[in-house]
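As given, the protein sequences belong to chains A and B, one line each in that order. Anchor point for the first sequence: position 248 equals 623 in our numbering, and the numbering is continuous, going up by one each time. Anchor point for the second sequence: position 223 equals 657 in our numbering, and the numbering is continuous, going up by one each time.
Since the hints were made in silico from the structure, they are not lab data. We treat Cβ as the ideally placed atom computed from N, Cα and C, and that holds for glycine. Be careful, since some hints might not be right.
To be verified - Okay, derived cross-link-like pairs now, PhoX-like style, lysine-lysine, Cα gap no bigger than 20 Å in a straight line:
hint	chain 1	residue 1	chain 2	residue 2
1	B	Lys627	B	Lys615
2	B	Lys439	A	Lys466
3	A	Lys466	B	Lys566
4	A	Lys466	B	Lys536
5	A	Lys545	A	Lys555
Claimed, not checked - Listed next, the stretches of chain B that the computed footprint assigns to chain A, with coverage defined by at least 3 CB atoms under 8 Å from CB atoms of chain A:
hint	segment
6	605–611
7	620–630
As a plain string of letters, each chain reads:
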Amino acid sequence: MSTAIALRGIRKTYGKNTALDGLELDVAEGEFFCLLGPSGAGKTTTLKTVAGLEQPDAGTVELDGKDMRGVEPYDRGVAMCFESYALYPHKSAYDNLASPLRSPRHRLPAAQARERIGEIAELLGISALLDRPVGRLSNGQRQRVALGRVLVRPARAFLLDEPLSHLDAKLRQQMRAELKAIGAVQRTTTLYVTHDSVEALALGDRIGVIRDGRLVQTGTREEIWYRPSDTEVARAFGRPRINLLPGVVTQDGGFRSADGTIELPVGAQAAPGTDVLIGLRPRDITLHGPGHELTGTVYVTEVLGRSVEVTVRLGEQQVSLVAPRSDTTGLRPDDPVRLSVRPENLLLFEADRPERPGRRIETR
Amino acid sequence: MTLRKRLSGWLADAALILYFVFALFPIAWMVILSLKPTNQLFSTYFSFSPTLDGYRTVLGDSEGIPFVRFFVNSLVVSLGAVALSLLVGLPAAYASARWRFKGSENLMFTLLSFRFAPELTVIIPLFVLYQKLGLFDTYVGMVWVLQLVTLPLIVWIMRSYFADLTPELEQAALLDGYSRKQAFFKVAIPLVKPGIAAVSLLAFIFAWNNFVFPLILTSNEAQTVTVGALSFLGGDRPKYNLTAAAALVSVVPPLLLALTIQRYLVRGLSFGAVKS
Numbered sequence: 376m377s378t379a380i381a382l383r384g385i386r387k388t389y390g391k392n393t394a395l396d397g398l399e400l401d402v403a404e405g406e407f408f409c410l411l412g413p414s415g416a417g418k419t420t421t422l423k424t425v426a427g428l429e430q431p432d433a434g435t436v437e438l439d440g441k442d443m444r445g446v447e448p449y450d451r452g453v454a455m456c457f458e459s460y461a462l463y464p465h466k467s468a469y470d471n472l473a474s475p476l477r478s479p480r481h482r483l484p485a486a487q488a489r490e491r492i493g494e495i496a497e498l499l500g501i502s503a504l505l506d507r508p509v510g511r512l513s514n515g516q517r518q519r520v521a522l523g524r525v526l527v528r529p530a531r532a533f534l535l536d537e538p539l540s541h542l543d544a545k546l547r548q549q550m551r552a553e554l555k556a557i558g559a560v561q562r563t564t565t566l567y568v569t570h571d572s573v574e575a576l577a578l579g580d581r582i583g584v585i586r587d588g589r590l591v592q593t594g595t596r597e598e599i600w601y602r603p604s605d606t607e608v609a610r611a612f613g614r615p616r617i618n619l620l621p622g623v624v625t626q627d628g629g630f631r632s633a634d635g636t637i638e639l640p641v642g643a644q645a646a647p648g649t650d651v652l653i654g655l656r657p658r659d660i661t662l663h664g665p666g667h668e669l670t671g672t673v674y675v676t677e678v679l680g681r682s683v684e685v686t687v688r689l690g691e692q693q694v695s696l697v698a699p700r701s702d703t704t705g706l707r708p709d710d711p712v713r714l715s716v717r718p719e720n721l722l723l724f725e726a727d728r729p730e731r732p733g734r735r736i737e738t739r
Numbered sequence: 435m436t437l438r439k440r441l442s443g444w445l446a447d448a449a450l451i452l453y454f455v456f457a458l459f460p461i462a463w464m465v466i467l468s469l470k471p472t473n474q475l476f477s478t479y480f481s482f483s484p485t486l487d488g489y490r491t492v493l494g495d496s497e498g499i500p501f502v503r504f505f506v507n508s509l510v511v512s513l514g515a516v517a518l519s520l521l522v523g524l525p526a527a528y529a530s531a532r533w534r535f536k537g538s539e540n541l542m543f544t545l546l547s548f549r550f551a552p553e554l555t556v557i558i559p560l561f562v563l564y565q566k567l568g569l570f571d572t573y574v575g576m577v578w579v580l581q582l583v584t585l586p587l588i589v590w591i592m593r594s595y596f597a598d599l600t601p602e603l604e605q606a607a608l609l610d611g612y613s614r615k616q617a618f619f620k621v622a623i624p625l626v627k628p629g630i631a632a633v634s635l636l637a638f639i640f641a642w643n644n645f646v647f648p649l650i651l652t653s654n655e656a657q658t659v660t661v662g663a664l665s666f667l668g669g670d671r672p673k674y675n676l677t678a679a680a681a682l683v684s685v686v687p688p689l690l691l692a693l694t695i696q697r698y699l700v701r702g703l704s705f706g707a708v709k710s
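Sequences and hints are given; from them, build the entire structure.
See the structure below:
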């Protein structure tokens, strides 16, 4: 597979603020790449740099292997969905969707354009809204019009900036499921920006985690999930959040918690005495399963529907776990419980430092 | 308590009415003056036999003063000045709102300084220049010199309108496949239309009311109403009734314009001023 979008050492500053700090990114032809990060991490700047709307201070943008320096946005052939929608407020939804198809570069005959817009509107469930001025649409409807304006035309790449963020929960879930099934999206390289880890895991062929203008980790959802590069990446994915318990590496490469109540053989590839954090995902801890056993007392239980989140006190620590409801019947606060963790599900990290989150340590 | 409240209400009303009289009296006086026959000009204040002769004389060209031509001149140079300023000023305002380039702030400040420099400081050199260049007493010369009045106004007000538009709208147009020029004309301009209406009217009024430039830089061919109306005061007896009629006639175009675009005006004047 060839590289469709390549960013090499992109730097961009606004006054004293560094938005992008040597960003490196490769998106393969036809790939759906999710860029995940908190607000202010540089996600939007990355998209605008690819689109040519922002000029990087240093570094190069390549599309299909061609350096895009000096190439105007309208000649890059990419389509972008703005987080602010950026719909033309003086036009109807239809005219907004028609805008690309009336431009000199993507012009279609009016009849064909009407047909194409009809298809897209159908797909996004906005057929009934086409005559309305965009000022009279709800945020969710505007967002779908904005997405439609991107999908309506052929593009070398789609750049989508939080395109589902303003939809209500039900519609978001539905659109999330449908988005990747859309033919145009399947065929076209897509760079998708979100702050929602569920969206990233659900949609991304690959995921890039961006922080402070740099990509911290890129990989498939399995790589990101099972081999997070540091504690922050581990914290970013999964709800409830991963349990991170402080401790040290013992002589034989095991883990002992700071208060001495938890001992786990992990085969840490680190010097004995190193300060570490052990990571246990709430869904990897079971109440009656195989694996290492830990004993504690129930602190609180919360029913999430078919499953239950149980918070358990282990010495001075608390860990949360999610168990099927049937396993938790009769559990009350202060009841003693035995937890099990499979050794392959343990993650080990260096302790967090003020200047950077703790990196993952290899285990045997 | 209620009595005091009512009393203060009356007082406020009285003060308002007083101010109203004070503000409107000059206009009423002008109307009265314009309706007086010449022979009663200096003999009475309010009791006279009203006549439209003043207006007939002014519009009928009978005193040897071609007021109708002055009126047309005023229309031509004011509209011309506004049109030229829009043509040049809109792109300038857009560029200065969107991009910081070398010297852009100095350029904008220089433009603004045309507004607060008194016209009298430049009028004599301008007079000499106009004489030499053959621009004296011409439409072109007047339209040109009125740029000092209209251009800074249009650039500065429209700049804040453009600055209030999010650049993402034009960016979206660029990605839709439009050139920068098309993004400007198809997206930015339609969205600042209320601003254009408001600022055009303001600029028109400023140009129309300008006195010093036509006073010095025109003599007859391109003279405007502001200077022309004063011609009736010359001669052996000042004809105040004719001056008043001429002044009232020359109020009509700005007034009509203001009434037609009133709808945009209030919104337009407040819209650009407040940054959200």
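What's the verdict on lysine 439 of chain B and lysine 466 of chain A, does the C-alpha distance respect the 20 Å limit or exceed it?
With Cα atoms ~52 Å apart, lysine 439 of chain B and lysine 466 of chain A exceed 20 Å; violated.
Lysine 545 of chain A and lysine 555 of chain A were given as a pair; does the straight-line alpha-carbon distance stay at or below 20 Å?
holds, 17 Å
Need the status of pair lysine 627 of chain B, lysine 615 of chain B: alpha-carbon distance at most 20 Å?
Holds, because 17 Å separates the two Cα atoms, which is no more than 20 Å.
Would the pair lysine 466 of chain A and lysine 536 of chain B pass a check requiring their Cα atoms to be no farther apart than 20 Å?
Judged against 20 Å, a Cα distance of about 36 Å means the pair is violated.
Residues of the segment 620–630 of chain B with Cβ under 8 Å from chain A, three needed, outcome:
holds (count 3)
Does the segment 605–611 of chain B contain three or more residues whose Cβ lies closer than 8 Å to a Cβ of chain A?
holds (count 7)
Has the given pair, lysine 466 of chain A with lysine 566 of chain B, been kept, meaning a C-alpha gap of at most 20 Å?
Violated: lysine 466 of chain A and lysine 566 of chain B sit about 52 Å apart, past 20 Å.
Going down the numbered hints, you'll see the structure goes against 2, 3 and 4, while the others check out.
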